[in-house]
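J.: Chains as they are written, first to last, in the working numbering: chain C, 1113 to 1214; chain E, 3 to 426.
Please keep in mind that the hints were generated in silico from the structure rather than gathered at the bench. Keep in mind that a hint or two might mislead.
[Claimed, not checked] Rough simulated footprint, nothing fancy, chain E against chain C, three-plus residues with beta-carbon under 8 Å: (1) 1139-1153; (2) 1157-1169; (3) 1184-1191; (4) 1194-1204.
Note that the structure is a prediction, hence the values are computed from the model and not measured. Don't be surprised by glycine CBs; every beta carbon is placed ideally from N, CA and C.
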Amino acid sequence: MRSLIRLLLTVTLWLPGTVAAEMGSVRGAALAHTCMTCHGPEGRSHGAIPSLTTLSSADITTALQAFRAETRPSTVMHRIAKGLDDADITAVATYFATLPRR
Amino acid sequence: MNVLTRRHVLGLTSGLTLNYMRTRRAWTQTPSRVVVVGGGFGGATCAKYLRRADPSLDVTLVEPHRQFVTCPFSNAVLVGLRDLASVTYTYDALQQRYGVRLVHATATTLDPVGRQVTLDDGSTLQYDRLVLSPGVEMQWGALEGYDAAASERFPHAWHAGPQTLLLRHQLEAMEDGGLVVITAPDNPYRCPPGPYERASLIAHYLQTHKPRSKLLLLDAKDTFTKQVLFRTAWARLYPGVLEWVSGSQGGRVVRVDVQAGTVYTDFDEYKPTVANIIPPQRAAAIARAAGLDDGKGWCSVHPRTFESTVHPGVHLLGDAIIATPMPKSAFSANNQAKVCAAAIVALLHGTAVAEPVLMNTCYSLVAPDYGISIAGVYHVAEDKITAVAGSEGISPVDASNEVRHREAEYAQSWYANITADVFT
């Protein structure tokens, strides 16, 4: 009985988190696919635009927040980052961290 | 089972990869069929991302040409900064890596109820979902005296390829001291900053190679995209070389006469050595089939799925649609294609369509080492696209030379990356 309660508790506590993560990953992939237009397939860039696969999830989060606040110099990213909310930044940073490093 | 067998035969005859065949065999049910018309930034991206998202889909790309020549960076080809081969791509990766079936033909008619398109070779393709991304066509005759034959004398070079080379050869053959005229149409048309980037790079070419020559940009409009950035740069870089004439100051071209070599505005006539006529445009014919454009020349869509507002089951992308405030750019087409592909997969699987991610970034070169940009992030509310506050805007007017130089490098890098995203 105790183990059944534990199981039920685990399932009910775990499910909403999983659903949120799943939705976050769908959003993260959709955002990341858009980043890739400039930053290259799977975030590996040819040329002057930085690759994203060398950055950690924390690096991407910090950079996007700083671009949005205009506390970090940029050319175009000040504008793009203002289109992202906090959940978007977390979702896209998490997604890129799942891609192969380089 | 019959259908599956027939498709296998089709697959063999069109030379599909073994990998694709294995994927196909693994499915016992009839796979959903998506037909994509047009192998440019919209259609090629959509075909690839459909197969990436769901390898069980039967995706056919209908495109008359075996190679795709991009309009982005074709202005660099015009003035000898690049060659045409460097802006030319094949569909090999789409076929071999992603298992997209290529049909080299032109889609001519559409039956939105029977869900079938007819090709110019008389064959038909059935679909569960259709994606039309055929781009624009020149509206021959909309400018008096300007038709397909006239474009052999006064090129438009607004489809990249032979027209690009024709205009390039004319510029190269022109003697120093000549007059180049570019005419820009009213909105909407493919690539809003295109005429102004082109004028900039031709002015750079003239200044470098033929310094006694002049360029006149005759515009139907009084305002244009990134205007303050272009005009600031022109005053600094090309004084006495490039002159822009707005519509209200007599820039609107009303007639051309290629026999006489004359370009007419309301008040003046010009005898240019080289004339580049960028005429009025509209959605290519197949996007106007079956009333998809509502008789307006351009198509409207529901922006969460890019499904036609006229016919269900038909999706439209890229330059053929009005997606204001998203411009008719390669970036927009590529971005819309990804949203559309994800939505089609969701619709076919009966799952929820995700909130779309819509963005655009357009770089223009004012000189080889001087770049400017416009960008925007968009969201959808009540079936309309609107810009997210603060995200939409152009490069700073007072940016340093270093920033301009960096944006020129980013323009080159963007081009390498978007073409890799679509064609590799």
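J.: Are any of the numbered hints broken by this structure? If so, which, sorted upward?
T.: Checked against the structure, no hint fails, so every one of them is satisfied.
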